[in-house]
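All chains should be built: construct the whole structure from the sequences, respecting the hints.
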Amino acid sequence: MADLFRRLRGSPQGLLGLILVGVMLLIVVVGPWVAPFDPETFAPLQRYKGPSGAHWLGTDQYGRDILSRLLVGARATVLMAMLASLLGTLAGALLGTTSAYLGGRADEAIMRTIDAVLSIPSLLMALLIVTLLGKSAGNALLAIAIAFTPGMARVTRSVALAVRKQEYVAAAIARGESARYIVWREMLPNVVAPIVVEMTIRVAFAVMLFATLSFLGLGAQPPKPEWGLMVSESRRFMHLSPWMIVWPSLAIATVAIGFNLLGDGLRDALNPRTS
Amino acid sequence: MTLPVLSVDGYTLDYAVRDGFTRALDDVSLTIAGGEVLGLVGESGSGKTSLAWAIMRHLPASARESGRIALGELALTGATEAIVRDVRGKRIGMVFQDPSTSLNPTLPLGRQIAEVLVTHRGLAPAEAWREGEALLAKVGIRAPAAMMRRYPHEASGGEKQRVVIATAFACQPELILFDEPTTALDVMTARAILDLFATLQAETHVASLWISHDLAVVASVAQRVAVIHRGRIVESAAAHDVFAAPRADYTRQLLAAVPSPQRRLAGAAPEGEASPLLAVEHIHVRYGRRSLLDALLRRPADSVQGNRDVSLVLRRGEILGIVGESGSGKSTLARALTGLNPFTGRIRFGDLAIDAARAMGRDYRRDVQIVFQHPDSSLNPRQRVREILSRPLRLYGRSEGRPETETIAALLEQVRLPASFADRFPHQLSGGEKQRVAIARAFASQPKLVICDEITSSLDVSVQAAVVALLVELQRAHGTSVLFITHDLNLVRQIAHRIVVMLKGEVVETLDVAGLPGSARHDYTRALLAAVPQIVSSAADDEVASLR
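Listed in order, the protein sequences are those of chains F and P.
For the first sequence, the numbering used here gives the first residue as 1, with consecutive numbering after it.
For the second sequence, the numbering used here gives the first residue as 1, with consecutive numbering after it.
Fair warning: there could be bad hints in the mix.
Claimed, not checked - If you want the footprint, here are the derived chain P segments under chain F, 3+ residues with CB under 8 Å:
| id | segment |
| --- | --- |
| 1 | 329 to 342 |
| 2 | 361 to 367 |
| 3 | 376 to 384 |
To be verified - Quick look at which bits of chain F chain P covers, simulated, 3 or more residues with Cβ under 8 Å:
| id | segment |
| --- | --- |
| 4 | 168 to 174 |
| 5 | 182 to 191 |
Just so you know, these hints were derived from the structure itself, not from any lab.
For each residue, glycine too, the CB sits at the ideal point set by N, CA and C.
Put into structure tokens, the structure is as follows:
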């Protein structure tokens, strides 16, 4: 583990990704305590202000402090995105590994179904699920997790197929191990590396999907300080104060870039051949 | 006195690693005169391939060298890239271990030979093509014109190696480096390549460096032999002297480790009418599944026959060897017997009669264990030795009331490994140690039959000798029956009681080892026996005698 971090710091993408994601996670943890104002208190006299000494990033249409809203909203945005990718990855990894283990007709049936689901764009898929389940942050999380599952299953299966051919799997079958043991204990630990990489990159997508869903009014509901929602609300007031839309957009972009870089760095660090 | 073709003087090579340097070659000195074949023998990691690359001047950026390598009068160490380019292929040829990776799969074989001739001998393309055909004819390819147009995947391993050799000889170089050229080939193909080399060598008088881990092969081609151990040349003398009267201790150990039919390791065969433990009756294995589309269109399945009508009997406490070249269906049979391949036919095991892989119950799974060829891939890299060994114990409850830790320590002890190895991961063990863990795992459920599928073919000779001795000892202690699958006839004659010879998925004949080589009836068995290289050495036998 310590060795992994050392290698991660060795590459420029890895180092930058590590810093960006680290700062984001710090904000997620301590954000609400360091926020200078309450994120949901109206201040009618302070509307549409640009950056100033009192309000570092300015205020929005109700005079709420944008910095505070960003700091508090990090939990709703980044944490939810990570949870959604984790859930989707876990489901996809399990499905892909099982499919590779079973092989033959069962593999064929599972993978063709997944191909069919995969042909629906993930945003459309998420929209469909949220519309069916009703709009709430929890349902948006579930929707994104489900939308990610087929893609992850595909990635995992391709790695798991190579693992399936290894003799330790043959040894386990010959020993009479149960299918559950072989999938969980023999195969899954050996497909983890590429999955972790794929997952970090997916977190960036999840942040953007969440923001998109909130932007469309299907995720978090006002007055929640969710970043996508903030962009969506401030769109109407762009001509009054452009800062309102710039800051949350920048925050979303930073998270996306941070996780993408971390994913790139991890891919190099986890692959012994490129180090 | 004429100048040697190749002279290496006090050559030392280091590779830079994370903390400092690791020494690959240490003060190596050797010479090869015109028309001479020098055999370089060593185990994996001894630096023999590093030396070949140093002569070819193809070293990674992390290499630090000192000393001198010279081709005739030309000093190769310190030569510019332009000079080196001129030497490679033209004055020094090279033949690699695996012909399927040393040829470009996207170009026809003819193009690859002609290219060398155009670059180094300045021939016109049409001329080069004709010359290429002549060269292929010379290396014993029956239809050279047709072979020129084929792609590498359309030729057999032996044919590909002939093409590579033709390419190496194409520019009449002064020196050819052979890096384990027969290791990836079957016994019979290897024999043919060795004969071809002898003919070409006598014709062209090219100087050669023949690198190999196989002492028997080197004994049959080289006039002089250098033995390399951990980057140092420990002995260098005429081939006959090295094998008849080795001076270095290391050489003696190596020679003693080489399997030889004269030195039996196994105990006496079980008494004549011992009851059969396993009877394989008319087993067929087919690869390839009939797809849904085939079924819809009523097409026959496009399948490959792995085993055809295989029948054999294994007695209690017997070691039965199965030999054959690659593709003869030995491993297919092993996988069918352990339920990894679907089969038709019947397996009788004690009182059980099994007609399909699905019918293998708990008892059968416990009593039949398998050890695979590659210890790297048969041990899960993410599990510690403790977990690997605990699985069969938990599945079949063979701890017998003792705490599991104790049982695992006893299992490790049985294969001569310290108990502390339980906490290691497989990558922290050497190849031989890994294979010992795999053997311990197989014996953990106290099986009646252990199937060994080429368990020593990825190990060095000396490690192989130790692993095989251990296996025979365990077999004797537990009275287990062993199905020992190998391509190495010398090895199998050392340990097996009877031998089954397989060819193209079928059993050719079954022989008692005691009667060999005279009792071989089938032509194929006789050819196989004749193709196996042997070292005639009294010293090795003395060494063994002194070990006892």
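Cross-check of the supplied hints:
Counting residues of the segment 329 to 342 of chain P whose beta-carbon sits less than 8 Å from any beta-carbon of chain F gives 4, enough to reach three: the coverage restraint holds. Remark: the segment 361 to 367 of chain P is confirmed as covered by chain F, as 3 of its residues place a Cβ nearer than 8 Å to a Cβ of that chain, reaching the required three. A count of 7 residues in the segment 376 to 384 of chain P with a Cβ less than 8 Å from any Cβ of chain F is obtained; the coverage claim is therefore met, three being the minimum. Evaluation of the coverage hint for the segment 168 to 174 of chain F: fulfilled, as 6 residues show C-beta separations to chain P shorter than 8 Å, against a requirement of three.
Closer than 8 Å: that is the beta-carbon criterion, and the segment 182 to 191 of chain F has 4 residues meeting it against chain P, so the requirement of 3 holds.
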